[in-house]
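4 protein chains.
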Amino acid sequence: MGRVWVRNMLDVVADLGRQYLERSSKISRVEAAAERCRELMSVHGEASGTALAREVVALYREMDESERFAFLEFLANEYAPDPVKVAKAAEAYLARRDQDSYLALASAVDSPRQELLRRLNMASGGTAAIVKMREALLGALEAKPHLRALEADLKHLLTSWFNRGFLQFERMDWRTPAVILEKLFEYEAVHEIRGWDDLRRRLAEDRRCFAFFHPALPDEPLIFVEVALTRGMADKIAPLLEAPPNGREAEPANTAVFYSINSCQDGLAGISFGDLLIKQVVDALSSELPRIRTFCTLSPIPGFRSWLDRTLAESPPETLSPEDRALFKDPRWAESDIVRRKLQKPLAQLAARYLVQEKRNGRPIDAVARFHLGNGAAVERINWAADLTAKGIKQSAGMMVNYLYDVGDIVENHEAFVREGKIATSAAVRSLLPKNGG
Amino acid sequence: MGRVWVRNMLDVVADLGRQYLERSSKISRVEAAAERCRELMSVHGEASGTALAREVVALYREMDESERFAFLEFLANEYAPDPVKVAKAAEAYLARRDQDSYLALASAVDSPRQELLRRLNMASGGTAAIVKMREALLGALEAKPHLRALEADLKHLLTSWFNRGFLQFERMDWRTPAVILEKLFEYEAVHEIRGWDDLRRRLAEDRRCFAFFHPALPDEPLIFVEVALTRGMADKIAPLLEAPPNGREAEPANTAVFYSINSCQDGLAGISFGDLLIKQVVDALSSELPRIRTFCTLSPIPGFRSWLDRTLAESPPETLSPEDRALFKDPRWAESDIVRRKLQKPLAQLAARYLVQEKRNGRPIDAVARFHLGNGAAVERINWAADLTAKGIKQSAGMMVNYLYDVGDIVENHEAFVREGKIATSAAVRSLLPKNGG
Amino acid sequence: MGRVWVRNMLDVVADLGRQYLERSSKISRVEAAAERCRELMSVHGEASGTALAREVVALYREMDESERFAFLEFLANEYAPDPVKVAKAAEAYLARRDQDSYLALASAVDSPRQELLRRLNMASGGTAAIVKMREALLGALEAKPHLRALEADLKHLLTSWFNRGFLQFERMDWRTPAVILEKLFEYEAVHEIRGWDDLRRRLAEDRRCFAFFHPALPDEPLIFVEVALTRGMADKIAPLLEAPPNGREAEPANTAVFYSINSCQDGLAGISFGDLLIKQVVDALSSELPRIRTFCTLSPIPGFRSWLDRTLAESPPETLSPEDRALFKDPRWAESDIVRRKLQKPLAQLAARYLVQEKRNGRPIDAVARFHLGNGAAVERINWAADLTAKGIKQSAGMMVNYLYDVGDIVENHEAFVREGKIATSAAVRSLLPKNGG
Amino acid sequence: MGRVWVRNMLDVVADLGRQYLERSSKISRVEAAAERCRELMSVHGEASGTALAREVVALYREMDESERFAFLEFLANEYAPDPVKVAKAAEAYLARRDQDSYLALASAVDSPRQELLRRLNMASGGTAAIVKMREALLGALEAKPHLRALEADLKHLLTSWFNRGFLQFERMDWRTPAVILEKLFEYEAVHEIRGWDDLRRRLAEDRRCFAFFHPALPDEPLIFVEVALTRGMADKIAPLLEAPPNGREAEPANTAVFYSINSCQDGLAGISFGDLLIKQVVDALSSELPRIRTFCTLSPIPGFRSWLDRTLAESPPETLSPEDRALFKDPRWAESDIVRRKLQKPLAQLAARYLVQEKRNGRPIDAVARFHLGNGAAVERINWAADLTAKGIKQSAGMMVNYLYDVGDIVENHEAFVREGKIATSAAVRSLLPKNGG
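Just so you know, the protein sequences line up as chains A, B, C and D, in that order.
For the first sequence, the numbering used here begins at 1 and goes up steadily by one.
For the second sequence, the numbering used here begins at 1 and goes up steadily by one.
For the third sequence, the numbering used here begins at 1 and goes up steadily by one.
For the fourth sequence, the numbering used here begins at 1 and goes up steadily by one.
Just so you know, the hints here were simulated from the structure itself, not pulled from any lab data.
Check each hint, because a few of them may be wrong.
List time: in silico BS3-like cross-link candidates among lysine-lysine, alpha-carbon distance up to 25 angstroms [as the list claims (entries may be wrong)]: (1) K359(B) with K435(B); (2) K132(D) with K183(D); (3) K394(C) with K345(C); (4) K85(A) with K359(B); (5) K88(D) with K85(C); (6) K359(A) with K422(A); (7) K155(A) with K155(B); (8) K422(B) with K435(B); (9) K88(B) with K88(A); (10) K183(B) with K183(D); (11) K183(A) with K183(C); (12) K88(A) with K85(B); (13) K155(B) with K88(A); (14) K183(D) with K85(C); (15) K85(D) with K132(D); (16) K359(D) with K345(D); (17) K88(D) with K155(C); (18) K88(D) with K88(C); (19) K236(C) with K88(C); (20) K155(A) with K88(B); (21) K85(D) with K85(C); (22) K88(C) with K85(D); (23) K155(C) with K85(D); (24) K88(B) with K85(A); (25) K85(B) with K85(A); (26) K394(D) with K422(D); (27) K155(D) with K88(C); (28) K155(A) with K85(B); (29) K329(A) with K345(A); (30) K155(C) with K155(D); (31) K144(D) with K132(D); (32) K236(A) with K345(A).
When you get a sec, could you build the whole thing from the sequences and use the hints?
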């Protein structure tokens, strides 16, 4: 009944390693992974790199958090650039300042970690593990500043690998494999998906969902945007999430409302794709549905309430009437529909001020505003009573904002924003601001 | 019935640029491409990077050779690292030698060219253009050594992008799209493909062809290997290329003969995949066809004749009989079947010596031998009268060699080869060598 | 900027028809569909068949049940074969009895409905609509026996179209598009799927789900089977549905348990694929997982309780002890674990008798038994307390049965069953039967 | 080393049959296939139908022509409908004339061959074999008229299976697998493809090739059409085949010229798809390239020369001048450019007459004209010196014709043609006809 299997070459070393581990149970996962890394960087490793890389990746996956940091410390220490070599190369460069000494310096500076990480990437799942390593690091840098050089290596590598030219733009719909769709539950952070029925509604005929993927993470969206196709610019979030799909509608949609954008991989923080995704979606929809003329968002104003509370406490705006001030005094003003309605006008003015005039380092203090305005959008409309969920009330007193992506203005808006910090606004929004503001 | 087209955002800038170019026809393609690059690196470029990158790539494609080098000079000059900044960072590092000064040095050393190239890659076809740039550079480095730093940047980037973890292993057969198959005509450099019928025969049931692809070059194999499934190790090339496919064969194949391996992208020279390809093919065939137990090559000995001619002229081996020496004197000895037959034994001995004992820097002087022995193969058998084409006669007096990939020995062979320069040989090959050789 | 749309030819007629319909709102959907059918069978219809077929299919989809039957009556009446022609052809055949008169008779008998249905099938969705028509008919034949000829035409056509040679055998797993997976909720009738988590568990690594599809119904499984890969033959259903997926299991699975088989399309009743599906699954699993040696089911015994109740009432088996009889008297005996446990042995004997000896027309009275025994399986084991859901208690007092598919016996079992009504049984099951039974 | 394979159930019977055959070498392939057919129709066959069907199909493929006809005779004889049953059913129908007797008659008339063929179709390759059977039969019916009933069964089945609703419309281009592309060499019968370079040109950017496929014949086009995208209606064939692809053309194409339509499967003769293919191509191109406004053919006039020769011999047209008559007398008139040029006007008039006025049974005698006019096209333009290949000279003195598919006229043209035999013509073509013609 026996049969001699021609063993997979790539598995031979993996097996040997596994047996070795099982024999000496004293060796920890971290030590085992470290040992595999050393082999991977040796002559031996050249012949069996894939198998060794697989082992390290498998071990890393099984590690708990403390083991993972032990392993990251190992990477940081054992594969750091040699300071003596760097110093010698720096001296030589300073002495000669020519191409050869520059190349030698560049080579000395390039850390061995990068080579190790490139080899780890041979394992299937390697890229995902490396993204996870950076995710862990980013959350710990404050406490462990000595790991910054390791993090810099990871960022350098991931920036290169996740070059926009390698991203795949995909529409997700009800035909998408379940293994990918279920990721959306986890990654949707703006408006929670409350089950498969909710998800199906967001993928119906009058909705769109687009994402970037990378060939090395085939089942993992990197970033995705949810879009509602509507008549006119939506001013409330609930109907977008709840209304049933349109069958044969009286009038076809003329507006695309981006109502949720989510980055999915924390390990890719700072390697941004969001602006490109929005541009590709505008292109894709313009081509598929030429009647769509307006591209806008329906966005939260996540920092509004906390800014408002602070501002009211510290330096209440002089424009506020005594009655309004009194209303704001009630700690539960935002929970009351009646009170909010009474405050409708000052709230709109304050939201406009918050979005357009409140800046830090010349940039809006609201993160969502920074993202869209940096992409070339304009603040088009402030919407009152637009998100009445508990979260919406808490973050922004129920207010939301439409940012407008006007194809003809995007480049100019972007440049004015980046160069001069200038924020594009509609006349309606400007009318909410004090005369000499901006 | 009229209809206003919503223009593709990504095309707007491209169009503006094109119009601009058409107006001022004096601006050359090189200047235009340089201008686009400058925009691509500016604030403006952030908003319209894809369109600008497309323009540069399109312009580069249209350039003739001299324009291309003018553009490469532009890249080398305008986007070189700032020597002042590098020097300052080097000084600071030497003064402090800590993590921060290291990170600052690494950042100063990282050349702006790399960022430019990463942005160019946003264009579809960007990766291909960058590979072509390196191909052009590699052919010109001797004449233009000042471009070495640019070449180093390109190699750094391409090494990162073409990481083995991103390669796609594919079988090519008669179901493969014609647009890919036709590339094989161009890239097959060992045994020329003489038309579609020849190609079809190489892709028939009893043959295999495997390749690595990269997602950014979907129609371009990076490297491919052609395999014949046979009874026993083949000792001649002609039957592999000419015999009709086996229908229902008497006895099933037990041997896989790798008879042609070709790297396809000159711009990826030095970023090697060949060893990994062979290992993956061994795995794939072991799994598909468990009866295949022997994996070997039937390889040319491309440098044998020129080495032999030189050796005979400079220091003829003492083992040669006077008759053999006389035969070798005839300048056309290799063209004559009769003469070669008379020289059969000394030729085999000389080929064994050439492959196993003739080294430079501790490595075999034959490039094909270096490749297979470096992968862990052994010199298994010298085959006389194995390639009687004009090329075969000219390069190796018709001799070929089987390198054996024995799954159980590969790792050990590789290590012995790399560490000690030791070459694995069969008893038969050893018997051709002088007693104390090797 | 204006642009005249070249209208799709295939839509021109559809549009004209729609306008016509909208003008005269008095025309019902049925009349409109009938009118389209007449056109489809006319000269006009040859040039615009696809558009007309689309209209009919769209109208049929919108019809309510009474309209659908009105339309089916129309098909039955207006496109019935001409009785005069049939009679003439029958007379001619009786007079001549040659090939020509036979061909003429066959042609006269072939009903115009078949041609109409063939033309309707040109619409995308046509096949699905025709399957739905038969589903509606099958449910109404008793009340409307005059529609039997129409049903016969539909069955003839569908039998031809759904020929086994056209079926596509597919594995369904968590990579399958959601639009297909969600169908399983609807079609699973044996062990209800209680949500997406339950579904995911049934599609995990140690489970399999295979289905037949047809190219004309790409998102609709025709029949599917759910399989659990286990150590040994499962004797209870709950662990199959509830246990978490095995990660790295101690011992690999050696048994495939088919625990749910469901036909999905009522309109294809009587056009059976189940036996072929099981054979293909056995083949696919044998090839993928050579360690799987046992293929069996864990099946309900759906008619057992009602047969048992009837039998106990009418002619209680003499083998029952007075105690057992007393226990059975309690109308809620099956709900009590204790009582069932006391009745364990007689229940097993009765279940064996029910499955193996109780027949109608020489076939087992249990439908599931008929299916598996007809496919060549054997009654292998009776499992007590195997399905303790309310349904399991109600239908079979919690009993289930393993039918065994032994590759070496299937053909023989099938022939013995079909020819002689002989039922293959294991020794264990035979030991439950009275000595002279069977 | 041994290993017991779990044998594929579906192969078990096939193997047994093969062994049996090998033992008794006296049994011919025909007898073996007949025996397998008998088993396939037996109880035994139900359990192992796929394996038996595979055997029959494999045997049929290996048969030579005489064996094939012996097998077809077997099918015709052994599985003919039972004349006694048919007669009884005919009598019963005549006696009762009700639904039940009709259904019984339909069932008696349905030949057992159809069931056998349906079962044969379970083999992969079954459909292809059945298509080949009909191809063989069609070529032999005249000599073997007793096989007409068998042919009628095959046609009935294939008509059902190759229903237009099951056809897949595909564009073929240089991305199409080579295994499909190479079929075009064989099937192109209008303008021979002279090698892979010629083929590539026909699949370039400014060309299109569309085909219908059927899921059961995945590598076999059923019918395909080659289209050139041009400025204006082409009047010569050579430029279409020879001109290099347009890169960036001055003016974009506004016309689609269908220059070659080929049915590929002789076994599907009489089951027509050509009209539907042309309509789908018009739709696909209208949607992809809205600037294309004119859809026409550039078609041969294959019967023109032979009709012309006959007409000149039998009743030379009175409109011909004495000079023209003299020119026509020279038997090699058509080979001479000079002579043809002199005859340009009468040739155009004669071609117009041939296409528009020469009919048999109310239909044009030219087969290509019948096809396009039957599809709703119009005779738009007669082109002189349009096909100067040897074949073009021989068949039509170098003339070709443009048929115009005007989307707005197709339905009306088709109806007028079918109902009244009326042929749509352009004013230019009408001007070539005698005043009272038509």
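Here's how the hints hold up against the structure:
With a CA separation close to 18 angstroms, the supplied pair K359(B) and K435(B) stays within the 25 angstroms bound. At roughly 16 angstroms between alpha-carbon atoms, K132(D) and K183(D) fall within 25 angstroms of each other, so this suggested pair holds. Distance restraint check for K394(C) and K345(C): the Cα-Cα separation of roughly 19 angstroms lies within the 25 angstroms cut-off, and the hinted pair is therefore satisfied. For the given pair, K85(A) sits about 32 angstroms from K359(B) by alpha-carbon distance, which is inconsistent with the 25 angstroms threshold.
A hinted pair counts as satisfied when its Cα atoms are at most 25 angstroms apart, and K88(D) with K85(C) qualifies at roughly 18 angstroms. The suggested pairing of K359(A) with K422(A) holds, with an alpha-carbon distance near 11 angstroms, which does not exceed 25 angstroms. Between the alpha carbons of K155(A) and K155(B) the distance comes to roughly 19 angstroms, so the proposed pair stays at or under 25 angstroms and holds. A hinted pair counts as satisfied when its Cα atoms are at most 25 angstroms apart, and K422(B) with K435(B) qualifies at roughly 16 angstroms.
Proposed proximity of K88(B) and K88(A) is supported: the alpha carbons are some 15 angstroms apart, at most 25 angstroms. Of the pairs offered as hints, the one joining K183(B) and K183(D) holds, with about 21 angstroms between alpha carbons and a cut-off of 25 angstroms not exceeded. With a C-alpha separation of about 21 angstroms, the suggested pairing of K183(A) with K183(C) holds against the 25 angstroms cut-off. Straight-line distance between C-alpha atoms of K88(A) and K85(B) comes to about 18 angstroms, which keeps the hinted pair within the 25 angstroms bound.
About 24 angstroms separates the Cα atoms of K155(B) and K88(A), which keeps this hinted pair within 25 angstroms; it holds. Under the criterion of a C-alpha separation no larger than 25 angstroms, the hint pairing K183(D) with K85(C) is inconsistent with the structure, at around 45 angstroms. For the proposed pair K85(D) and K132(D), the alpha carbon gap of about 31 angstroms is over 25 angstroms, so the pair is violated. For the hint pairing K359(D) with K345(D), the CA-to-CA distance comes to about 22 angstroms; that is within 25 angstroms, so the pair holds.
Pair hint K88(D) plus K155(C) holds up; C-alpha atoms about 24 angstroms apart against a cutoff of 25 angstroms. Restraint check for K88(D) and K88(C): the C-alpha separation of about 15 angstroms stays at or below 25 angstroms, so the hint holds. Restraint check: the Cα-Cα separation between K236(C) and K88(C) comes to about 63 angstroms, which exceeds 25 angstroms; the hinted pair is violated. A distance of roughly 24 angstroms separates the Cα atoms of K155(A) and K88(B); the hinted pair therefore holds under the 25 angstroms criterion.
Between K85(D) and K85(C), the direct Cα distance comes to roughly 20 angstroms. Compliance with the 25 angstroms bound is thereby established for this hinted pair. A C-alpha spacing of about 18 angstroms is found between K88(C) and K85(D), which places the hinted pair at or below 25 angstroms, so the restraint holds. Between the alpha carbons of K155(C) and K85(D) the distance comes to roughly 22 angstroms, so the proposed pair stays at or under 25 angstroms and holds. This hinted pair checks out: K88(B) and K85(A) have alpha carbons roughly 18 angstroms apart, not beyond 25 angstroms.
Restraint check: the Cα-Cα separation between K85(B) and K85(A) comes to about 20 angstroms, which is no more than 25 angstroms; the hinted pair holds. With a CA separation close to 29 angstroms, the supplied pair K394(D) and K422(D) exceeds the 25 angstroms bound. For a cut-off of 25 angstroms, the pair hint linking K155(D) to K88(C) stands: about 24 angstroms separates their Cα positions. Our distance criterion of 25 angstroms between C-alpha atoms is met by K155(A) and K85(B), whose separation comes to about 22 angstroms.
As the CA atoms of K329(A) and K345(A) are separated by approximately 17 angstroms, the hinted pair is consistent with the 25 angstroms bound. At roughly 19 angstroms between alpha-carbon atoms, K155(C) and K155(D) fall within 25 angstroms of each other, so this suggested pair holds. Proximity of K144(D) to K132(D) is assessed by CA-CA distance (about 17 angstroms); at most 25 angstroms being required, the pair is judged to hold. For the proposed pair K236(A) and K345(A), the alpha carbon gap of about 17 angstroms is at most 25 angstroms, so the pair holds.
In terms of the numbered hints stated before, the structure departs from hints 4, 14, 15, 19, 26, listed from lowest to highest.
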